[in-house]
Every structure is written in structure tokens, then in C-alpha cells.
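Put chain B on the given structure of chain A with help from the hints.
Next come the chains, spelled out residue by residue.
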Amino acid sequence: MSATTSTTIITGLGLWLGVFGGATAIAQSNSDEQWAATFADYDISMARGDLQRAAGALIEIIGDESLSEFHGDALLNLGNTASDLGLPYGALLSYSDALTQEEPVTAAISKALTASEDVRDFGLLQGLFGENVGMDGTPSERSQMAWLSALDNFRKGNLSVTLGILAIIPTDAAAYPKAQHLKGIVLAQQGRYTDSLAPLMTAFAMMDNQSDMDLVNINLGRSYFGAGNFARAIEYFALVERGSPHWLEAQFERAWAHFRLDDMSGAIGLMLNHMSPFFDTRYYPEAELLDTYSLFLLCKFPAATERIEHFRDNYRPIHDALENALEGMSDADLFFAVSGGASQELPTRVYLDLYGEPRLQDSAAAVAQADVEIETVRGVSDSSLSGHFTTLLESRRDEIVAAEGARLRGVLSGRLEALNNMLTDTEMARLDILRLETRLYERAAGAGEMEEARRSAQRQLRVPPDHQNWPFQGEFWADELGYFRVNAISECPTSMQVGLEVAED
Amino acid sequence: MNIKKILGITLASLTSLSVAAQDPIDIGTLRNEEIQVVQRRLYEKADMTEMGIQLGMLPFDPYTVAPKVQLTYGHHDSESRAWEIQMGIGYGFRNQAYRTLDSPAYGKVPEATRYLMSITGGYQFSPIYGKVSLNGERVFHHDIYFPVVAGVTIEQTVDEHINSSFSERLAIAPTIGAGIGARVFLHDNRVLRLEVRDDVMLQYRAGSGTWALKQNLGVHVGLTVFGGNQ
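Read top to bottom, the protein sequences are chains A and B. Quick note on numbering: our numbering labels position 219 of the first sequence as 219, and the sequence is numbered without any gaps. Quick note on numbering: our numbering labels position 181 of the second sequence as 1181, and the sequence is numbered without any gaps.
Because the hints were derived from the structure by calculation, they are not lab data. Small disclaimer: the values here were computed from a predicted structure and weren't measured. Quick reminder that beta carbons are idealized off the backbone N, C-alpha and C, glycines included. There could be a bad hint or two in this list.
Unchecked claim - Chain A is faced by these chain B residues, among others (derived, beta-carbon under 8 Å):
| # | residue |
| --- | --- |
| 1 | 1027 |
| 2 | 1029 |
| 3 | 1035 |
| 4 | 1037 |
| 5 | 1040 |
| 6 | 1129 |
Isolated chain A, as found in the complex:
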């Protein structure tokens, strides 16, 4: 009672002096006593070891607009208390609120970073730091904030801002290698392929995790590809380890580089991996089309037609199922279906790679953690504590589900549209093939024999000393994936020109 009275007197004095002497000085002169009075219930509860009541006292302060100058400290303490109560997500949300106060409580930065690691909700701080990268903190905290801020801006498409933020991460920071990696990606996305090579190579040199190095190699390959240096692109795609989760993607992009070098055999050889039954649950419609185009350019029309039929038989049902699923499922349904890796409506092939995304798995883990904590706080006796954290957690949980669900819808809608275009294109390609094939056979019928194929350079099959040459007998062996060498003979007659834009002969 006495504490409340003295607070009132002091506040009244402060207001009076504020009119005449300046609010800052008053706040400083009275802050300790005011603080003690405001946090008295909290202090007493903590002294008694009653964490729930302590949290309740802090929530009361936070709910009182007249005590807004203490909200930052109250939120910081609420985060600590929530952490002690076994509510790391509740703690993260409290620290995050402390950092969004008019005067951010910088003591909450490191605690928020740790809590975000615990609950795997990185998006919350990315958004927060993304809008306030200049927040005070230790050098290490500033690096981490800058990294999260850069990620946030990158995901929002603010490429120039991302580059600016990445520049403030010092070379001795733990985040520096991945910052250089991101810098390379951003530069490549800006079309500055040559500029992107140096940061990517720096990132590669500083990394010690093979999975990360594989990713950098893919991105180096992409940069060289973008720069038109397909031979170097092939080199880097080929560096991706065979056991890497990124290996199949690297083989696909490498096949494109071979294709661009007019090495159809190389492209077909790499596409054999994607055609094998071992990867028939992976979504690579473009790989089938690349294979088809390669066969087409070698005038292997029956084989190209067969591939097109195979493509249509495979992907038409997937297209229809995906279309229906996107119409019938909400964003939240999509999130839970894809992140859970099990869906009745969605064809597995279209989301298997999304299911494996670390970002989605982090979000799924965060949502699961939020659910656990919601259940926990619903069981506590203190209604203010329960109500406060239930609202916060449900809100954040719904936010993640909505954001990730919308992102997944965007990705899957893009795939649907692309697949639709591909299916339409194959109809056209089928007609082109039919026309050229007919012309080829008409000439053969007129001449009485098949026209001699144009002579083309054949690659010499080189078997390195530590390699074994096996004949291909139409079967796919798991251990042979990645080792196919195709030496396809072009069957294009001398007088016939076949190109991607099907040319008249």
C-alpha cells in the first residue's frame, strides 16, 4: 500500500516537474524507486519462488498502458520467467516484444537468439531485425542480427538492401561464410554472374560442412552457367558429392549445361539418372523434356515420341491431382500436408522436395513446439498467465501456418502453371516430331533407302584407370547411378536441319 502511495506521489511530482524541468531528468531521478514499486509484486513472487504469480505480475504491468516505460523490462523478465517455466516459445515471444518497444531492450537480443534456436522459429527475428538492423548489441549479436536481417530482406526480394546488410558482417563472424554464400546468390540473381564467383569461392573455402559445400558448388555452377561458361559450370555441378541430397539437382543442371554445349549425348546420359526407377518419386518434369529434346535433336524421333508419351502419361494425372488439391485445400491444409509428408490429395512427387526443405521443417517444429506450450499454459492455474501466453502462442502459430501455407501455395501454383505449359508444349512438339519423321520416311521411300546420317564427331569412351566399364543392358542398378556415358549417334540426314525452333530443311 505504501509503495503504491509513494509511486503516485512521485509520478505526480514528475508530471509537475516535467512541465517545468524536462521529463528525462525526472524519469532518471525517480526511476529506481518507481521501478521498485512497479515490480514489487514480481520481486516478492520471485523471492517466494512462485514463478507463475511472478509472471502474472509482469503481465499485469504489460497490460497497464500507464506503465509503458516499464514494459521493456517487464517483457524481458517475462521472457526469463517463461524460460524458467519451461516455455521457451513463450520466452522468445516475450523477448521479441521487448525488442520491439520504443526503446528496445538490447539485453533481450542474445536471449531471443538462443530461444529462436531452441524453438526453431527463425522467421520471427528475421522479420524483427530485418526492419531494425541498427539495433545495439555486442559485435557477435550484431553479426547475427545482420545475418537474419539479410535473410529477411532476401526473402522479400530486396536484393540491394540484402547486399548492403551482408557487407556489415565482419570476416571473423561465424555467419561470414554463409553471408558470402548469400552474397554470391544475390549477385547471381542480379545477373552479375562474374561478380558472384568471388564470394561463392570465399564461402566454399571457409566452409567445413560437406552439405553446405555441395550447395556452394551448385551455386558456382549456376553462376558459370549464367555467365555462359558451360564447361566450368559442368565442372562445378560434377563436384557435388554423389551421396548429397543436392546431387540429383546438380545432375539435372549439369545436363542443361551439356545441352547448351550441343552435347546431346552428355545430356541424355545424365538424364538417365532421373529416368531410373530409383528416382521415380522425384519431381523432374523438365528432365524428361530435356531428354526428349536431346533425342529430337539427334533425330531419334520414335524415341522422342515415346518419351513424350511417357511424360504425358506420367504428368497429366499429377497435373490434374495438383489442380484439384490446390482448389480444395486451404493454406493451412497445405502446410500440414506438406510439412507432415503425408497427403491424400497432393501427389507425393510434387511436394517431396518441399517436405525436405530445412525452412519448412523448422516451421513445422516451431508449430509443434507452440502446440505443446499452448497445452502447457492451458493447464496452469494463473488465468492471466494462461490467457496471455495462449493468445501469443496461438497468434504466432497461426501466423507461421498462414505464411508458410501461402508460400507453399505459391510454389505449387507455379509448378502447376509450368506443368500445364509443358503439357501444352509437348502437344506441339509431338506434332513437330511427327511432321519431321514423316518427311524423313517419305524421302526414304522415294530414294528406296534411308538417307545417310550426317557424320558427326563421336566421343571416344575414355575409361580412367580407377574405373570399370560395364555394358548397359537395359537395367538400372543402384550403384551405377551417376556413371552413365551415352555415345548416341545422330540419325539426322545430311539434308535435314533440326533445331529447337524446328527449322525447315
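Chain B alone, transformed into the frame defined by chain A:
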């Protein structure tokens, strides 16, 4: 077999035109011959040592059957050539034939010798390297090799009545042998090895005081481990 072949040729000559017209299989397709698999050798042997242990059996001796243990150590000079030494230890037990002949009904003890140990060394040639697939899932690489060995085999006359002295019943015989084996490559440089080897020895038999040739056809199964480059 021959009749079928002749019939086939006759029919082919009668229908060759239609066969030619109906033979578009190779036009416009990607033929298997156009595809090769150039695979990094998953299990290299060159410059590697190989050592291991095998359990063996000499089951084809007319009077004894000898389980044995064989220790091997070798070095692969290349993917197809290696030298190896083998040390075998075993004991030949009387078999049913011996016991029957030794029974009162016959009373005719054959002059049999039992296997005790052998030390041999020699060269291996492995010209065949292949692989098998189990249900399309697990793939096992293997090689087939041919060992040629020379060394010494120590045996002992089974019948104690010939001479009560253990050492005087011993028959130390120069030995040469040849066989066939297979290595099935498992994980972590481990290899399952199967080998059948016929050792031929020139043996002096103390009982009759004669020299005789004897064959020990052994079947061995065991594990070896490949070591780093030497």
C-alpha cells in the same frame, strides 16, 4: 538343337524381305550399345594388403575328414594380381570308411595320413570382376580369382600302431596347389572369401616306407580385411 537352327535359317531366307521391312527397331531409338556405365571402381585392390581368417574343410580324403583354420596375408600388386601366404592348421579325423576298415570285420587298417598343418604361398590371378544384385536393391561386387601355391604340408599317419612316436609318424610333404576362389566385397573393406583349392603333395609314408602323391581338396570360407596402401 541343330535342327532348330537349320529350320530357323530356312524360314529366315524365305521371309527375309518382310523381316527387313518389319525391322525398324534400331531406327530412331537409343540403343543399349550407345550407353555405357563407366563406374568408379568401388573396391580397389591395387597396392592393398589383404589379411583374414577362413574356416576350411578337407572332406574328400578317403579315410579322414579334416576341419581346418586358415590364416592368410597377401598383397595386391594390381587389380588382377596378388601374392599371398596361407597358414592352415587342422586335424584329420577318421571317417566312416576308415572306421569300417579298422573294425574287427575287416581288420585291415589302411595307411592313411591326417592333415595337421600347412604353410603355402603363391600368386593369385583375378581376371574376372563382376557384381550381382539382390532384388534390385543391394548390389554386391565380387571378383573371381585363381590361386597357385607351393609350400609344405605336415600330416601324420593315423594308425598309432605303426609307430608310437608322434614325430616319427609325421609326413612332411612338399606341396603345390591350384584352385578357384571368389571375393564378395562387403562394407568397410571387409570381404567374404570363398575358395576351393586342390593341394597336391609328395608324401613319404613311414609305415610302408614309400613315397606317394596325395591330394587335399579344401573348401574355405571366411572373412578378410583390406588394408591401406603399402
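Can you list which hints this structure breaks, lowest number first? As far as the earlier hints go, not one is violated by this structure.
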